[in-house]
Amino acid sequence: MLINEFLLLGAFLFCTGVYGVLARRNAVLVLMSIELILNAVNINLVAFSLRNDNVSGQVFALFVIAVAAAEVGVGLAMVLLVYRNRRSVALDELSEMKG
Amino acid sequence: MWFLEHAWLIPAIPFIAFFIILLGGKRMPGKGAEIGVASMVGSLVFAIGTAYQWINRVPEGEAFVGPVIKTWTWWQAGGTKFAIGSHVDGLSVTLLFVVALISTLVQIYSLEYMRGDRRYTHFYALLTLFSAGMLNMVVAENMIQILLGWEIMGLCSFALIGHWWEDPGNSRSALKAFLTLRTADVGLLVGIAIVYWGSGSFSVEKINEWAMSGTASHSVALWGAVALFIACIGKSGQFPLHTWLPDAMAGPTPVSSLLHSSTMVVAGVYLVARLYPVFFQGFHIANGGVNFICLIGGITIVIAAALAFVQTDIKRVLAYSTVSQLGYMMMGLGVGAWTPAVFHIFTHAFFKACLFLAAGSVSHSGSHHSFDMKKDMGGLARKMPITCATFIVSTLALAGIFPLAGFWSKDAILANAGHNGYTVFMVVGLVGAFMTAGYMTRCVYLTFFGEPRGAAAGHHVAIDETHDAPDAHAALHDTHAAAGHDEPHESNLLITVPLVILATGAALAGLLNAEGFHWEKFTEWVQPRVDEAAAAFPHIVNAPFEWGPAMGSFAIAAIGIAVSFVLCRAFYERRELQGLTARNRFLGMGYRFLVNKYYLDFIYERGVVAAVSGPIARAVYWTNQKLIDGLVNGVARGSRVGGEWVYRNIDQRVVDGAVNGVGLSAEGSGGLLRRVQTGKVQQYGALLFGAAAVGALILVIVV
Numbered sequence: 000m001l002i003n004e005f006l007l008l009g010a011f012l013f014c015t016g017v018y019g020v021l022a023r024r025n026a027v028l029v030l031m032s033i034e035l036i037l038n039a040v041n042i043n044l045v046a047f048s049l050r051n052d053n054v055s056g057q058v059f060a061l062f063v064i065a066v067a068a069a070e071v072g073v074g075l076a077m078v079l080l081v082y083r084n085r086r087s088v089a090l091d092e093l094s095e096m097k098g
Numbered sequence: 000m001w002f003l004e005h006a007w008l009i010p011a012i013p014f015i016a017f018f019i020i021l022l023g024g025k026r027m028p029g030k031g032a033e034i035g036v037a038s039m040v041g042s043l044v045f046a047i048g049t050a051y052q053w054i055n056r057v058p059e060g061e062a063f064v065g066p067v068i069k070t071w072t073w074w075q076a077g078g079t080k081f082a083i084g085s086h087v088d089g090l091s092v093t094l095l096f097v098v099a100l101i102s103t104l105v106q107i108y109s110l111e112y113m114r115g116d117r118r119y120t121h122f123y124a125l126l127t128l129f130s131a132g133m134l135n136m137v138v139a140e141n142m143i144q145i146l147l148g149w150e151i152m153g154l155c156s157f158a159l160i161g162h163w164w165e166d167p168g169n170s171r172s173a174l175k176a177f178l179t180l181r182t183a184d185v186g187l188l189v190g191i192a193i194v195y196w197g198s199g200s201f202s203v204e205k206i207n208e209w210a211m212s213g214t215a216s217h218s219v220a221l222w223g224a225v226a227l228f229i230a231c232i233g234k235s236g237q238f239p240l241h242t243w244l245p246d247a248m249a250g251p252t253p254v255s256s257l258l259h260s261s262t263m264v265v266a267g268v269y270l271v272a273r274l275y276p277v278f279f280q281g282f283h284i285a286n287g288g289v290n291f292i293c294l295i296g297g298i299t300i301v302i303a304a305a306l307a308f309v310q311t312d313i314k315r316v317l318a319y320s321t322v323s324q325l326g327y328m329m330m331g332l333g334v335g336a337w338t339p340a341v342f343h344i345f346t347h348a349f350f351k352a353c354l355f356l357a358a359g360s361v362s363h364s365g366s367h368h369s370f371d372m373k374k375d376m377g378g379l380a381r382k383m384p385i386t387c388a389t390f391i392v393s394t395l396a397l398a399g400i401f402p403l404a405g406f407w408s409k410d411a412i413l414a415n416a417g418h419n420g421y422t423v424f425m426v427v428g429l430v431g432a433f434m435t436a437g438y439m440t441r442c443v444y445l446t447f448f449g450e451p452r453g454a455a456a457g458h459h460v461a462i463d464e465t466h467d468a469p470d471a472h473a474a475l476h477d478t479h480a481a482a483g484h485d486e487p488h489e490s491n492l493l494i495t496v497p498l499v500i501l502a503t504g505a506a507l508a509g510l511l512n513a514e515g516f517h518w519e520k521f522t523e524w525v526q527p528r529v530d531e532a533a534a535a536f537p538h539i540v541n542a543p544f545e546w547g548p549a550m551g552s553f554a555i556a557a558i559g560i561a562v563s564f565v566l567c568r569a570f571y572e573r574r575e576l577q578g579l580t581a582r583n584r585f586l587g588m589g590y591r592f593l594v595n596k597y598y599l600d601f602i603y604e605r606g607v608v609a610a611v612s613g614p615i616a617r618a619v620y621w622t623n624q625k626l627i628d629g630l631v632n633g634v635a636r637g638s639r640v641g642g643e644w645v646y647r648n649i650d651q652r653v654v655d656g657a658v659n660g661v662g663l664s665a666e667g668s669g670g671l672l673r674r675v676q677t678g679k680v681q682q683y684g685a686l687l688f689g690a691a692a693v694g695a696l697i698l699v700i701v702v
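Residue numbers (numbering that gives the first Met the number 0), protein chains in the order written: chain L, 0 to 98; chain H, 0 to 702.
Worth flagging that the hints you see were computed from the coordinates, not collected in a lab.
You may find that some hints are simply not true.
If you only want the chain H side, here are some residues facing chain L, beta carbon under 10 Å, derived [unchecked claim]: (1) P58; (2) A62; (3) V64; (4) R673; (5) Q676; (6) T677; (7) K679; (8) Q681; (9) Q682; (10) F688; (11) A690.
For glycine and all other residues, C-beta sits at the position ideal for the given N, C-alpha and C.
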């Protein structure tokens, strides 16, 4: 089985995610992009799990999915709070930590 | 076999009862006493079951019978397992039975004796825990468990001796007992560590096998035995640490009875008997030379017996008698008479418990809470016939009168001492037997015969005036009001029934091992059999019984009683009680020496304590002022000069320069880096990913 397709798909998703994280202003979209990054990693895990005939990669992918769900839960809660306080979720306006 | 395998239940029952009494005792109809008594009865039933099954397990003859051992892992630390469990053999069965029986009787007795006490529930809780501690130590499978029981007893004895702590004298006695014991207990910890180091195990069985294996290093066994024996000296009130024991009389009488008959003070003797192979090998007991154990035991017998002659407090006479009898047990173990020594533990428990409880009965109903024989007793035989009869039976048993219990056990110790080549100690034991007979007769005479004096004659003395007697103090007002007695009279059934049971035991217990009649059941049941393959016990040969020497020691005791009785009649008949020592100047000097307890307390207090606080402290102060201060001042002056130079040159220029330089450069670089901190998450993210990409690139190129 050729693994290249999976890896290429994973790399594409990862790059898309990174672009989204770095370039989008909307916090919700940034969270979604983080999901893309995680799923790119998941694809790699599953692909290598299949190739090496070792189930632990799939188990690990399941863990990543579970943790990602929790992370999104917390992230969206934070976004909601930010929105309540500022009536906006634009990330470039959140620069109180400027040194 | 069920009882033998579940012997751990015997200490567990009173231990649980302790918590129940402590937490809910005050709300119960009997104020917790019923739980205490019930738990002790439960323990007694189990102990009897254990004894019965053990006797069935032991065949006649010499065939090997191993102990019944159960262990569970208590906790683990660093790969070392600490077990808890039970080790049941003849020795522990004997002690289980004795401790449970005496505890039960003492608790029943306390129902009456302590009635109305202000800390009644508290008293029962601690009494129960105390028995639990002793039972746990007796049944212990390993040294850690022994240590646990040992320390529980130390704690409870502190609390019980100081039960009436309103009187500062009582709390001082409790502290003295506790601190003396703590000093000696260091020996136990060190001994356990040494023995563990040598044998690689905490298990009693393993340690004994190690000691007997022949591969054990002799110096390890010797130092382990010395350290363990120091702990036993403290616990069993051996010379020179016996001073706490008479002061422990400050506690309520049932406590004294329990402490000094079957628990606490016997714990030290029990430890030696339990780990006998270690002592046997360490001290070369088989060789017949003088060793540490029999030397201490022999000294203790005589000095304690001499002290008992000059006491006016009945309980103190009994306390010194206990010390002296413990000396017999230790000496017996020291001369290789293991079985007679253990048998003496067994018989002594009966008559000493009976004597103490009878003394308590006298003070409870006869002498108005006083324990002073000269001031408040005398002529009580007619008023308190049962107490008097039990006291006399126990006295005769203690003195070693044929055929009561003490005769058989004491004579066996002396016969074995002679048989094993310890002739000197046999003579010491005979002198001790003579003295025992003497002081106990004096005690009986002063208490029960002659003219009634003080409270015994019905004179009412305000309790506060008798505060020199340990039991008399403020808390007694409660008991006094509850009991409401005026004339000396016999105590009620709760007191007399335990007395009669114990006196019966004191009379008959000796017949279990009456070698003269070829009744040697005790030896058969209790003496460990030696397994030839893996010996865990030295081979003990008991001296054959001979009527001649036995009757000789009986005659010595009888003469002691007779001489003492005649002297008492001659001197104590008149009201003012001028004794022998008050008439003869030379004896008077001896009297002062004894009354001051060989000045041992004096040495401990003035010598050790005062030396530390007096001359030594002054010397240290002088050294401090002249030598150390001079040195310190010189050093200070030198360092001031040096310090100023260092301040000017090194501190101001080098160090400050460096610090300022670091600060300035940090400020500069911080100013530069500040621009990076935009506060925008996405720029941080970009930096992160950029750095990760560069890292990955380097990884790919390099690797």
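Requested in this report: Check each numbered hint from earlier against the structure, then list the numbers of those it violates in ascending order.
Outcome: Hint check: 1, 2, 3 and 11 fail, others pass.
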